[in-house]
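Student: One-letter residues, chain by chain:
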Amino acid sequence: GAVVSQHPSRVICKSGTSVKIECRSLDFQATTMFWYRQFPKQSLMLMATSNEGSKATYEQGVEKDKFLINHASLTLSTLTVTSAHPEDSSFYICSARFGRGLLNEQFFGPGTRLTVL
Amino acid sequence: GIQVEQSPPDLILQEGANSTLRCNFSDSVNNLQWFHQNPWGQLINLFYIPSGTKQNGRLSATTVATERYSLLYISSSQTTDSGVYFCAVGDNTDKLIFGTGTRLQVFP
Chain Y
1 GAVVSQHPSR VICKSGTSVK IECRSLDFQA TTMFWYRQFP KQSLMLMATS NEGSKATYEQ
61 GVEKDKFLIN HASLTLSTLT VTSAHPEDSS FYICSARFGR GLLNEQFFGP GTRLTVL
Chain D
118 GIQVEQSPPD LILQEGANST LRCNFSDSVN NLQWFHQNPW GQLINLFYIP SGTKQNGRLS
178 ATTVATERYS LLYISSSQTT DSGVYFCAVG DNTDKLIFGT GTRLQVFP
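Protein chains in written order, with the working numbering: chain Y, 1 to 117; chain D, 118 to 225.
Hints were generated in silico from the structure; no laboratory data involved.
Given the structure is predicted, the values throughout are model-derived calculations rather than measurements.
Note that CB positions come from ideal geometry on N, CA and C, so glycine has one too.
Please note that the accuracy of each hint is not assured.
Claimed, not checked - Examples of chain D residues lying across from chain Y (beta carbon under 8 Å, computed): (1) Asn-162; (2) Tyr-165; (3) Gly-207; (4) Asn-209; (5) Lys-212.
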């Protein structure tokens, strides 16, 4: 299957700082990337959909000014958590898809565990 | 939006046992994927199966789209099968909606 990487895998920061998470598709060009959030023992919740060269589409209830998404190329999307607070502590996972229709399968990165003190 | 429910929520097995996990969804879909989330959080793609039947080693899956459910079969379970199994479905917006998950524990 396709390979998606995330960096960093784990980050601990102080309240009020900003954190950037990178998501890369390593062996294919991703037409679309997605960002999810997962709290302990819960399912994944979609935060936003990111298409290369255009603005991200955020799900209802997700603050676009707090979670900044940049999809600068077909292999890289970044999520910046601005002015992080303890309630932003979570597991953030990205996924990438290289097509539509029959090429609709999403491939997931290993996730980034964010802890805000 | 589409609702996705999985059953059972928890499953405890002894090594070697077989199991069936179920995923019910509330509307027609054009994408369905099964994942295994390992203890480190990595989601591993098991099947991309919007319809029909597929097999991969000890795992197989069947989706009956007209009846809005999918089944994941695990045969001869091993301790390494432990983790959380998610199904996720996509509608015409191409977004994936994740189910509630089944937490599987396999003991030696």
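Student: Run every hint past the structure and note whether it holds.
Tutor: Tested hints:
For Asn-162(D), the interface hint holds, since its Cβ comes within 8 Å of a Cβ in chain Y; the closest pair sits about 5 Å apart. Satisfaction of the interface hint for Tyr-165(D) is found here, the shortest Cβ-Cβ separation to chain Y being roughly 4 Å, below the 8 Å cut-off. Satisfaction of the interface hint for Gly-207(D) is found here, the shortest Cβ-Cβ separation to chain Y being roughly 6 Å, below the 8 Å cut-off. The beta carbon of Asn-209(D) comes no nearer than 11 Å to any beta carbon in chain Y, farther than 8 Å, and the hint placing it at the interface is violated.
Given hint, Lys-212(D) at the interface with chain Y, holds; its Cβ is 6 Å from that chain's nearest Cβ, closer than 8 Å.
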